[in-house]
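Under our numbering, the letters of the sequence shown match residues 470 to 873, in that order.
What the hints contain is simulated information worked out from the structure, not anything from laboratory work. Predicted model, so just to flag it, every value in this text is computed and none were measured. C-beta: ideal position from N, C-alpha, C; glycine also. Heads up, a few of these hints could be off.
[Stated by the list, open to error] Here are the computed lysine to aspartate or glutamate pairs in the DMTMM-like style, where the Cα-Cα straight-line distance is at most 25 angstroms:
hint, residue 1, residue 2
1, K863, E851
2, K863, D801
3, K844, D723
4, K844, D696
[Stated by the list, open to error] Just the calculated beta-carbon pair ranges, DEER-fashion:
hint, residue 1, residue 2, range
5, P624, R652, 26 to 34 angstroms
6, L560, R677, 17 to 25 angstroms
7, T499, R677, 24 to 32 angstroms
8, D689, V589, 53 to 61 angstroms
9, S839, R585, 38 to 46 angstroms
10, R562, A623, 24 to 32 angstroms
11, P624, T499, 14 to 22 angstroms
12, R652, A542, 26 to 34 angstroms
13, R816, L858, 39 to 47 angstroms
14, Q483, T561, 47 to 55 angstroms
15, A582, G657, 24 to 32 angstroms
16, G524, R652, 53 to 61 angstroms
17, V589, P490, 44 to 52 angstroms
18, T564, A623, 40 to 48 angstroms
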Amino acid sequence: MIGLLLLALASPAQAVVIATPRGQTTIPVTTERGQAAVAASRLVAPLELTVALDGPRVTVGLGGAVFVFQLGAPFVRAGAVVCALVGEPYLTRDTLFLPLSWLADCVPRALGARYRWDPVPPRLEELPVAGPVAAARPAGGGAPPAAGTVHAAAPNPLTGLRLRHVVVIDPGHGGVDPGNPGRYFPDGLVEKDITLAIARLLRAELVRRGIGALLTRATDTLIDLADRGAFCKAQCDLFISIHVNSMPAGRRADRASGAETYFLSDAKTEDQERVANMENEVIRFETGPPTSATGPLGYILRDLQLNEYLRESAQLAALVQDSVTKVHPGGDHGVQQAAFMVLTTARRPAILVETGFATNRTDGAFLASSLGQHKLASAIAEGIVAYLLEFERKLAVVAPAGGR
């Protein structure tokens, strides 16, 4: 087996097949670092993976087991089992790559009763578990579960959720785009720093609650607006973009405070349009060609995007806003709507959270503090859980007679 494993990993395989009772998926394999590796984000949906990145530490949940990696270290730990890896986990272009040898050797060793590896051609098979409870899409519409056919399980003791969910978190701005200059942020902090800090904490809060979470950026880099929402397609239930608000310079600039949550629709007020223009202005930093359709086709596509998940997005925004205002020292600016470019390419319910005003002294101190960031992340997570619980209640969960 070891000889076949090393032969398979040394060969220039271009893909690995993930076969589960839910279907079959082909995952590209890269050898850019000299050893075969796969993008962790590609494994989230087919394997119902959870991924949490905390500095150099990477925690991956799979099949009830927790695998702990260190970036740049050729080993992984799962409980008392330590596996040597052919290659090292690494982060590049804001994407986490895991060695193919983890799938080939470590997963079957730690979860041998559930997963089987075939080296030629590379294939990881999830063995069926008897008696699943299938969850179907509600007759009245709504977003489908992220990974296709999902299986209901016992309620999560922290959340009450029964199904597998994945949320994409988008920390606003980054790289050459600092966002708001942070009039009342200490130590030279700017909006891009605050949004990344809150987003990382939000990911940790969701993972702690058993919800899969991915970041559009994990470092100080700029991701094009159209590419951010594109993270949330088939492998995603919800898209959450994190931002910090500000007011134009003036005598009353420091009086506005508090949080507001947006969903994608046409702006109804001048202030909504102002906020959308401010956040959309990031496009001036982008160097790639425009990716959105223009002309009559562009208007048709945009209209479809606005309406497909409008009701769900509005409900998600309301639940998150209600949760955030319970911990925020500023006022409640309520649920708003505007044409944010970052939300137009998400193919699931999507919201943008303005977590407070950088131009307000109290908000600035709250947003820059560790306590404030933790409170916001936990509150947003609670709003997400409330939405997902309501979403699950709308699903028709039927246990097949006699099992599979």
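Mind listing which of the numbered hints don't hold for this structure, in increasing order?
2, 4, 5, 8, 10, 11, 12, 13, 14, 15, 16, 17, 18
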